[in-house]
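**Q** So the chains spell out like this:
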Amino acid sequence: MFLKIMFVLSALLTLGGAFLTASSKNLMHACVYLLACLFGVAGLYATLGADFLAAAQLVVYAGGVVILMLFAIMLTGGVQEFVNKFGLDKTPSMGSGKTYTIAGLSMIVTAFIVMKILAPVFKTPAQTDLPAFTSTVEKLGVLLVTDHVLAFEISSILLLGALVGAAVISRPRRGK
Amino acid sequence: MNSTVVSYLSQAPGYALAVNKLTELFGFDATGFVNFLLFFLVAFIVVNVMSAIGGLGTYAERKISADLQMRQGPNRVGPYGLLQFLADGVKMIGKEDVLPAQADRFLFLVAPLMCMVGVFASLAVLPFSNGFTLTNLNIGVFYLLGVSSLVGVGIFLGGYASNSKWSMLGGMRGASQIISYEVPVTLSILAIVLMTGSLSFDVITEAQGGLPHEWFVLHNPFTFIGFFVLFIGALAETNRAPFDLPEAESELVSGYHTEFTGMRFAFFALAEYVEVFVVCGVCAALFLGGYKVPFDLGTGELIMKTFPAVHPMLAKQIGNILQLKVFVLKTLLLYYVVIWIRWTLPRMRVDSLMVLCWKYLTPIALFNLVGCAVWLWAFEGKSVWTLIFKSGVAAAGGHH
Amino acid sequence: MSSHNLDVYMPVLILMAFAAIMVLGALLVGKLIRPHNPTELKVTPYECGEEPIGSAWSNFNVRFYVVALIFIIFDVEGALMFPVATVFKRFVEIGQGGAILGSFLLFISVLVLGVVYCWKKGDLDWVKSYQVSTDYNEKKDK
Numbered sequence: 241m242f243l244k245i246m247f248v249l250s251a252l253l254t255l256g257g258a259f260l261t262a263s264s265k266n267l268m269h270a271c272v273y274l275l276a277c278l279f280g281v282a283g284l285y286a287t288l289g290a291d292f293l294a295a296a297q298l299v300v301y302a303g304g305v306v307i308l309m310l311f312a313i314m315l316t317g318g319v320q321e322f323v324n325k326f327g328l329d330k331t332p333s334m335g336s337g338k339t340y341t342i343a344g345l346s347m348i349v350t351a352f353i354v355m356k357i358l359a360p361v362f363k364t365p366a367q368t369d370l371p372a373f374t375s376t377v378e379k380l381g382v383l384l385v386t387d388h389v390l391a392f393e394i395s396s397i398l399l400l401g402a403l404v405g406a407a408v409i410s411r412p413r414r415g416k
Numbered sequence: 043m044n045s046t047v048v049s050y051l052s053q054a055p056g057y058a059l060a061v062n063k064l065t066e067l068f069g070f071d072a073t074g075f076v077n078f079l080l081f082f083l084v085a086f087i088v089v090n091v092m093s094a095i096g097g098l099g100t101y102a103e104r105k106i107s108a109d110l111q112m113r114q115g116p117n118r119v120g121p122y123g124l125l126q127f128l129a130d131g132v133k134m135i136g137k138e139d140v141l142p143a144q145a146d147r148f149l150f151l152v153a154p155l156m157c158m159v160g161v162f163a164s165l166a167v168l169p170f171s172n173g174f175t176l177t178n179l180n181i182g183v184f185y186l187l188g189v190s191s192l193v194g195v196g197i198f199l200g201g202y203a204s205n206s207k208w209s210m211l212g213g214m215r216g217a218s219q220i221i222s223y224e225v226p227v228t229l230s231i232l233a234i235v236l237m238t239g240s241l242s243f244d245v246i247t248e249a250q251g252g253l254p255h256e257w258f259v260l261h262n263p264f265t266f267i268g269f270f271v272l273f274i275g276a277l278a279e280t281n282r283a284p285f286d287l288p289e290a291e292s293e294l295v296s297g298y299h300t301e302f303t304g305m306r307f308a309f310f311a312l313a314e315y316v317e318v319f320v321v322c323g324v325c326a327a328l329f330l331g332g333y334k335v336p337f338d339l340g341t342g343e344l345i346m347k348t349f350p351a352v353h354p355m356l357a358k359q360i361g362n363i364l365q366l367k368v369f370v371l372k373t374l375l376l377y378y379v380v381i382w383i384r385w386t387l388p389r390m391r392v393d394s395l396m397v398l399c400w401k402y403l404t405p406i407a408l409f410n411l412v413g414c415a416v417w418l419w420a421f422e423g424k425s426v427w428t429l430i431f432k433s434g435v436a437a438a439g440g441h442h
Numbered sequence: 072m073s074s075h076n077l078d079v080y081m082p083v084l085i086l087m088a089f090a091a092i093m094v095l096g097a098l099l100v101g102k103l104i105r106p107h108n109p110t111e112l113k114v115t116p117y118e119c120g121e122e123p124i125g126s127a128w129s130n131f132n133v134r135f136y137v138v139a140l141i142f143i144i145f146d147v148e149g150a151l152m153f154p155v156a157t158v159f160k161r162f163v164e165i166g167q168g169g170a171i172l173g174s175f176l177l178f179i180s181v182l183v184l185g186v187v188y189c190w191k192k193g194d195l196d197w198v199k200s201y202q203v204s205t206d207y208n209e210k211k212d213k
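One line per chain: the protein sequences are Y, S and L, in this order.
As numbered in my numbering, residues 241 to 416 make up the first sequence, in order.
As numbered in my numbering, residues 43 to 442 make up the second sequence, in order.
As numbered in my numbering, residues 72 to 213 make up the third sequence, in order.
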């Protein structure tokens, strides 16, 4: 019973947040709606029994990425002026022919992917009861240091690249 | 694993009876409904007690600061001025709700809401005692890191929504300070997770003992430093002095809540004081033995042994209450230290704040993490006292 | 236990709901008793008695953004290290700790490499990085 309630709540939060993010004209508001959407996704993970993934979603996205986005918006001077200092629209209108074409194409691609994912669901009877709750953290940890140790190590190099890249991009230009 | 306060209460005989009665009444399995009611009741108690503690925190802050500055402090409302926070609350509700003309109305409401939601959600995993933990999630510590980051977003939005320069500066500072200090905090928590092999608060607390030498803070030199890194980081994450730059009254008027009046301001303040309690509780649970009572008093085993006539359930209850008291005592002692620090140390500068975080605490926390890992590997997780005792026995020509 | 395993998340939702009810409820109840007479002066943002000039929503320094970027990288590292840290003790108990410690240390050392790079280049300084670079330029110019 609670499973269903939690699923419906999370799904509503995800969908509602995503819709409002896309439809909001105010960047700051869109960011807050995005936070709600990410919370909903964390709830969906929790419903599926992936507790660590849900918490990681909260820590990385709600704690990090949303704050980064808020700072990025402040970097452009908030939402007060709709045109930035280069004379470009901060929230460009969505209604040109080009955007409709791209949206239509991406919808077709997404629909194919979704159908591909959904296909096995209808073939096999849906699982009614989740397996008993065992922590996913230990399983993840064991996999990360045994089968997928290379991925674990390489991810650190990826993050090193990101760190150095962030530092280089933000450095004031020499000779100015 | 994943035990909750309901799984503890369900040992009581009345629980099964209530479930059966309600199942007959509704015609479907009422376990979930009964669980919900119990959770609701306990959460209601926790929320009220925590709000009272938050309110009393403001009183304690004023009283202790008065004590340190040789003043009287609040002493009119109630005995020793104890009911001052209620009087403040009544005043706050009656205050006009001023909405600045250029403010963002929506975010002006969302900001205090987000602070409160983040802080209250983190109460869910706080280990008050072995039985009385609202929910003991497998991912407890990590979950707490996640939801408490909402407070940072709330503070930033509070600063942004007011459209006042002071607030904006305070909000930006607050958010960047909170996320910066989350790095050393995460790393020092990681060291404890390494030592215990679990993210659940219950397992982490049970891995420690009741007496100080069994606590993680005195486990080995690395955890000893780790405790102070965590405590300093926790001070900064809750915007307490000497890290209260987001609300530095001498430079930013009142920081991110300059424009907030009445109840909206009260919720920012309440969230701050409850969050201080939460982080003190986390420090106590991770490093200071949490709810563990010395000599097995907490589990009721000593009582059962000494007085065999006592019913085991009763002994367990007495143990539980002792655990609760010990946890709250440790947390409140840390709370006192937090307030004491505020009225003793001067505020830091923004640049030295960042230097402290990135050039001192983060490298130290990383060093601690490596040290703990090596210690665990080399000594198989034995504490420094066990090692000293062992070598002492060996030197004295013991059996080993 | 198997069908009620999600009950552990119940208090989380209940507490969040309590927080929301508390904030909204107090504001609604307060609406009945509090005065409401905004004047033009009252609703101007506070600026020490001066008339506010311009909006507060202006361009902010890039260093806030950089701090957030570095934080996210540490955050992801933390999220990756938590599962490994959880199982480390169990591997030590079965005598396999050395290999895990090795991979763990390798992971951390790559992270430390990035920190050392940022430190040396002055990206961890709040103010100084700009002065350092100009000093460098002046020296180069001479």
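Calculated directly from the structure, the hints in this document are not laboratory data.
Incorrect hints may have been included.
Computed footprint of chain L on chain S; a stretch qualifies when at least three of its residues, placed anywhere within it, have a C-beta under 8 Å from a C-beta of chain L [what the hints assert, rightly or not]:
{"hint": "1", "stretch": "97-105"}
{"hint": "2", "stretch": "138-144"}
{"hint": "3", "stretch": "159-165"}
{"hint": "4", "stretch": "272-283"}
{"hint": "5", "stretch": "320-333"}
{"hint": "6", "stretch": "398-406"}
These numbers come from a predicted model, not from an experiment.
Where a beta carbon is used, it is the ideal one built from N, C-alpha and C, also for glycine.
**Q** Against this structure, judge whether each hint is valid.
**A** The hints, checked one at a time:
Using a Cβ-Cβ cut-off of 8 Å, 0 residues of the stretch 97-105 of chain S lie near chain L, which falls short of the minimum of three, so the contact claim is violated. Here the stretch 138-144 of chain S counts 7 residues with a CB under 8 Å from a CB of chain L, which clears the bar of 3, and the coverage holds. With 5 residues having a beta carbon nearer than 8 Å to a beta carbon of chain L, the stretch 159-165 of chain S meets the requirement of three or more and the stated coverage holds. With a cut-off of 8 Å between beta carbons, the stretch 272-283 of chain S has 0 residues touching chain L; three or more are needed, and the interface restraint is violated.
For the stretch 320-333 of chain S, the stated coverage by chain L is not satisfied: 0 residues place a CB nearer than 8 Å to a CB of that chain, which falls below the threshold of 3. Taking a C-beta to C-beta cut-off of 8 Å, the stretch 398-406 of chain S contributes 4 residues in contact with chain L, enough for the three needed, and the coverage statement holds.
In this structure, the earlier hints numbered 1, 4, 5 are contradicted, and the remaining ones agree with it.
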